[in-house]
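Colleague: So the sequence lines, in the order shown, correspond to chains A and B.
Last residue of the first sequence? That's 277 in this note's numbering, and every number before it is there in order.
Last residue of the second sequence? That's 277 in this note's numbering, and every number before it is there in order.
If you're looking for bench data, these hints aren't it; they were derived computationally from the structure.
Everything numeric in this text was worked out from a predicted model, so none of it was measured.
Where hints are given, some of them may not hold.
Unchecked claim - Restraint ranges, calculated between C-beta atoms of paired labels, are given here: (1) B:R21 x A:Q140: 44 to 50 angstroms; (2) B:E233 x A:G36: 39 to 45 angstroms; (3) B:P69 x A:R40: 53 to 59 angstroms; (4) A:T132 x B:T65: 28 to 34 angstroms.
To be verified - Pulled from the structure, derived: some chain A residues nowhere near chain B, Cβ distances all over 10 angstroms: (5) V41; (6) A95; (7) K229.
All C-beta atoms in this analysis are idealised placements derived from N, C-alpha and C, irrespective of residue type, glycine included.
2 protein chains.
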Amino acid sequence: MLKVAYDGTNYVGWQVQPNGRSVQECIESAIRKVTGEDIRVLCAGRTDSGVHALGQVASFRTRSTISAPQFRSAIQSGLPRERDIVIVESREVAAEFHATFSAVRKTYRYLLFDGDVCPPFARQFAAHSRVTLDAESMHQAAQYLCGTHDFRCFESHFPNKATSVRTIERATVSRAPMWTLWSAFSGNASVDASEGDSPIIVLEFTADGFLYNMVRAIVGTLQEVGGGKHPPEHIRDVIASLDRSSAGMTAAAHGLYLVSVEYPEELLRAPADDSRS
Amino acid sequence: MLKVAYDGTNYVGWQVQPNGRSVQECIESAIRKVTGEDIRVLCAGRTDSGVHALGQVASFRTRSTISAPQFRSAIQSGLPRERDIVIVESREVAAEFHATFSAVRKTYRYLLFDGDVCPPFARQFAAHSRVTLDAESMHQAAQYLCGTHDFRCFESHFPNKATSVRTIERATVSRAPMWTLWSAFSGNASVDASEGDSPIIVLEFTADGFLYNMVRAIVGTLQEVGGGKHPPEHIRDVIASLDRSSAGMTAAAHGLYLVSVEYPEELLRAPADDSRS
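With the rest of the complex left out, here is chain A (with noise of 0.2 angstroms):
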């Protein structure tokens, strides 16, 4: 299993693509570099272009005796020069272990620069609002999406999954310091509590599962709220119409970072050693 942070802006995406660079084939290219297998990387989350992760989990099987720390750093020389994709750890997992069907919860991050004079840092890695946010009301807007519920409002192209029913642990949106930016690429640094006068407004949330577009079509339409054209309990009235129409934009790829996925703790084991020999 790996874990992989990437800054998406110079790729079409995680999966491989006809139109540009994809960040999986980087890695299966890297990996047959190191092992000559050519092997299929699965992951936890297909990234759209220009989508950044700070914990994306990608999992493949190999015949290679190189062993399962090491595949971190041989992988990585094999990876782009510039450094844009960096493999955080590798480990060997249970053979059971499926980076797709095994993950039980994901975190997904968006980050909004809501001030007039977007700095040339922030430009690839938050989206820019030229409206002021009233990020409070954001936060009581997203509350109502805590839960389980049936979220088709939010998918692009339904049905793109069997269910559209998922259920949302948690959904905060609140203002943070300017270098929360940066915090957001660290990958585990807490976000900090809330900060009246900045002009980044993170917002993050945990599910079980997420449908295609979803946390982008979510970020748009607590714009909406934001923004003042509906009030918080809007977001009860989209999620109940069902319908995609009600909802707002999708917001754009590349304030969006997949955070974290999470596996039940014994697949994250590997198999005993008498198993291997």
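With the hints as your guide, set chain B onto chain A.
Modeller: Relative to chain A, chain B alone:
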């Protein structure tokens, strides 16, 4: 006067060069689009290729009737679409104001990352040290820099300037939370109290002026101290040697930020209205 922030990654530096795009030519071209005038823009500090700026200051004279505050967005709209150069502020200043020669104090910041795995978002914004550094001994060493000294030991291609005597008012080295990297980008948030286990080291220097490559040579020398090659007192000996070869390597450009430039208050005031009519 313009206050300018830029991500220096994709530029050959501030100054017009034959081998690539410079920040200066982008700003001059944007002014030409606004005023039709072929104007030479002066700056506070000619940053090298890859060096960033949070508060570069530039000045120019124009016959345009556009008001000074309006210049900000007018120039911005003529700058590269990547928005890696941002005009933070535009204001009218005294006729005697000269971005280069009127400056009385400058602050530079340098960011080092000394953890194992450099996150993808840090790659263009902090230099990576493969050696874990002792930030406290670097801070002790930096105190020997404070005061008025002949700093030719830290100057590339001496002599570039009439005198290599400068006064460093303040030199600090501290670990800071991961998100401090982002505070670097905001330009005003002060760097947080030291945090022992963070892989980010922030170095900051305030002086009445700096010689060519001086900050980067100082950082390279402090890295030798931080890595245990020399004790903190080494800096005192290096300064006394007046010899560039006794100092350390010139640290990488992409860790360096021109943070701010100070001018005498009276030069930052616009001429009284009657002088304009």
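Colleague: Going through the earlier hints one by one, which of them does the structure break, listed in rising order?
Modeller: Those not satisfied come down to hint 2.
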